[in-house]
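Enquirer: What follows is each chain in one-letter form.
2 protein chains.
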Amino acid sequence: MINKVGIELPEHIEGYGDIIPYQGPFAIKPVGDKAPVKQSFFFPGQTKLLSTIEDAIKTSGLKSGMTISFHHHLRDGDGVMIQVVEAISKLGIKDIHINSSSFTNAHEGILEYIKSGVITKISTSGLRGKMAEEISKTGILPHPIVFRTHGGRVRAIEAGDVKIDVAFVGAPACDKMGNMNGHEGPCAFGAMGYPMTDVCYANVVVALTDNLQPYPLKDISIDQTHIDYVVVVESLGDPAKIASGATRISTNPSELFLAKKAANVLIASGLIQNGFSFQAGAGGAALAVCRYLREYMEENSIKGSFASGGINAYLVELLEAGLFDILVDVQTFDGTIADSVKRNPNHIEMSASMYANPHNKSCIAHELDIMILSATEIDVNFNVNSLTGSHGMIMGAIGGAPDTAAGAKWTVMVVPAMRKRLPIIVDKVTHVVTPNETVDVLVTDMGICVHPQRQDIKDILLANNIPIMDIKDLYKKVTKLTGIPKKIEYTDKIVGIVEYRDGTVLDIIRQIKT
Amino acid sequence: MINKVGIELPEHIEGYGDIIPYQGPFAIKPVGDKAPVKQSFFFPGQTKLLSTIEDAIKTSGLKSGMTISFHHHLRDGDGVMIQVVEAISKLGIKDIHINSSSFTNAHEGILEYIKSGVITKISTSGLRGKMAEEISKTGILPHPIVFRTHGGRVRAIEAGDVKIDVAFVGAPACDKMGNMNGHEGPCAFGAMGYPMTDVCYANVVVALTDNLQPYPLKDISIDQTHIDYVVVVESLGDPAKIASGATRISTNPSELFLAKKAANVLIASGLIQNGFSFQAGAGGAALAVCRYLREYMEENSIKGSFASGGINAYLVELLEAGLFDILVDVQTFDGTIADSVKRNPNHIEMSASMYANPHNKSCIAHELDIMILSATEIDVNFNVNSLTGSHGMIMGAIGGAPDTAAGAKWTVMVVPAMRKRLPIIVDKVTHVVTPNETVDVLVTDMGICVHPQRQDIKDILLANNIPIMDIKDLYKKVTKLTGIPKKIEYTDKIVGIVEYRDGTVLDIIRQIKT
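Going down the list, the sequences are from chains F and G. Counting in the working numbering, the first sequence runs from 1 upward without gaps. Counting in the working numbering, the second sequence runs from 515 upward without gaps.
No wet-lab data here; the hints were simulated from the structure. One or more hints might be untrue.
Unchecked claim - Quick list of the computed label-pair ranges, beta carbon to beta carbon:
1. G:569 / F:36: 46 to 56 Å
2. F:36 / G:608: 44 to 54 Å
3. F:59 / G:1006: 43 to 53 Å
What the hints assert, rightly or not - No more than 30 Å apart at the CA atoms, straight line, and that leaves these computed lysine-lysine pairs for DSBU-like:
4. G:644 / G:690
5. G:994 / G:1007
6. G:548 / F:29
7. F:29 / G:604
8. G:677 / G:604
9. G:629 / F:409
10. G:552 / F:29
11. G:552 / G:518
12. F:34 / G:604
13. F:480 / F:493
14. G:604 / F:163
15. F:342 / G:817
16. F:409 / G:690
17. G:629 / G:644
18. G:677 / F:34
19. G:817 / G:518
20. F:163 / F:58
21. G:629 / F:34
22. G:543 / F:34
23. F:4 / G:755
24. G:677 / F:38
25. F:34 / G:572
The beta carbon of each residue, even a glycine, is placed where N, CA and C say it ideally should be.
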């Protein structure tokens, strides 16, 4: 069968199940009930404290074949997942499915446990580095990786598409009953939006902390009613690595040129006025756009209502400068601002469901005026890829891009037309991650294009003397310089499945022929 | 059949269902899943704002025979329930079950709608005044009232014993998507712990506000993922009536005498040391106990960890004086301290589930060192009544008493031995609300008694030269002065059912023969 972005899909994939093809961004309306949740019981005087992760795993009842979950707020500094998987391995448990909000460089060590059969399945919003390369090339993981958006992940948990047997939550501050927050302690990372849904639906929830606080914790992000066990560990990881280079403002002149063009488009949109809302993905160019927007806002005394998403240090600066009323934060991108949630009453934490879940009673992503996104590729049909490279290998993340693209009034892609002689504007993206109907404008250093269905945007840009071009012409212009990369060859083995946020399938990723 | 507190119960009650008899405070361990929750869907650009309560009721799909829920944080000032029921009546909807966290004097007007058949069933933690009297005497309500504790109410919702079709939440501050808090705006009441479970399990949730704030609200107690519709009304009620006389410190000399005796018992307990936790019910004597405890704490430089429960102005004073680390608040008792949750970072809000739910992964009530309670009656078996008077009429509330009594290390009843020539110490309470196994000490102006199973407490008190007496002797001493009130006569009609917090039945209340 062929889905709405023209991808040919099998009816069924072993290790995944039957496939529902993507049918458009809001085509699926969920029916029926959310996943069932087990009832609990807790005596007065009972304790949740266990001495070791191994004890917690044994007590949790984790068995081979089960699913465990993690969150990636500690980013490149995360030491939680590896400690838990090590302990699982020691106990002789195998065939485990890891469902994590994402994988980072901190998780390369998991590859070893894939090789030894401890981990046989992964669900995530992204995967990079050596592990991604090995899975893409050798198909070493027995089951295909299921890639979900941040909103799609919590939707899947709530809908029961994923049943978490044991959720592990890294808690930078935690008391003996499991009341916790993410913004106090040696491994403070800030907002802890991702596990908020896990703890509601997992059969067993284990909190790991390196900072046990007196009961009850004063500032609670996830409360004791959701936690089964608390384990004090030496460390949750390396807080210095929570800040990632991907969140610093660019000084690269061509990125700044591109950002300036994007800012001009946004200014022309007429959306940048008092009370506007805004989100930008990670990456230097997106941040540079913020810099130019700031200038415009200051010159014209404009104050935005909210900026959302992963929150970086620059957005905290904008908040503290009074340029936005509020930051709504699912994940703080930078360890240096981990305390901002505490320090700034206007910097608030939200769950991943409040951020981006397409099947709840409303999410922030659906209230955005402007979303700025980057990509690894965008094609002449406006389909976007941010997960794989043009070599076909997994090397990125879906994140919240498809969620916010679907929700925002203007979704603006800001990408260079080529990178290192590779065209970013392509005939057909290697894999579709954000579907074309949800992408409105493409700003590149070689031209600006508007989705054919957004005549309103074309009119606005032209009225503001911003030249636009047909994306097919841009493609020709780019590939004249870069040439057309040769087609990638794949084996039949499916190594990844790209789910749209509503649980339908956008694309499948096959093993590369090497 | 006869339950563990010796009450004869029918197997089945029409309008309630099959009865599970009370079997002890922790005899019931829940099995299976929590109640199912419907999936949802919300488009970008969709609005939740409806113009009138009637519109919201129509849009919600409310029909005759359904269940609606309310919370009573606005106490005697609540104008929400009556506005909603008026609108329901206007729409010709009948046979409605109201499940509210409690009924107050503000709800007397509901009697009219009982008479007209709009309201045919009530579930609550308490009922007073004219409506209670009329139901007790005439049996005017077609179905028996189900009385539940604050913990038992959320347990019942989570377990699916109660299915809420439409929950109405009074929101003193609210934005267009339903992000809300209880501590900002003209009708600010403070913590909003009761509806937190309702909004998770109700099919439809309607927020009513008289203070629509820009989106998104900065300080969120219940977030938009749980709210279907928002209606702006002229007023949520009368904020001046949120403060209730029941929460002021007594100046009555005999109450102070009693309070002093209770404080001496607590001091002797050895529990009053750094890090102790504490809760006291409403009522002048309980508050007076706090005053004496404060003196002792100040003299001995003792700082408690937390005080919990309904939080009154005096506890805020203790917090601000540094005598407790933290206040954990499900319901702020006094409008004058509605902003304390905001002003004091150590005054935090908790859900009713975190407060007292016996079937979750732990609650604050189970972590209490000391609980001080009042009662309308206590009998020679230590069973306690706080719901009905010795005349058999409903006139009080269960509240969180059975929850905290079950959880606290020492549960201390502080009551006068008689009130207006009526014995408070009786042979057999009119109705059992808090079962004897969960009550440890009884302090009266005519003597102190200890539950026979708490030899440890007897030893401690005697070692501290605090005289104790057998409760049967106290009973004789009291009734020598008061005489023994004549037995109440009842009809066969059941007007109320007293559920224990675990969903079993403690007692049934029959219509009084008049």
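Enquirer: Give me the numbers of the hints this structure contradicts, sorted from smallest to largest.
Expert: 1, 2, 4, 5, 7, 9, 11, 12, 13, 14, 19, 21, 23
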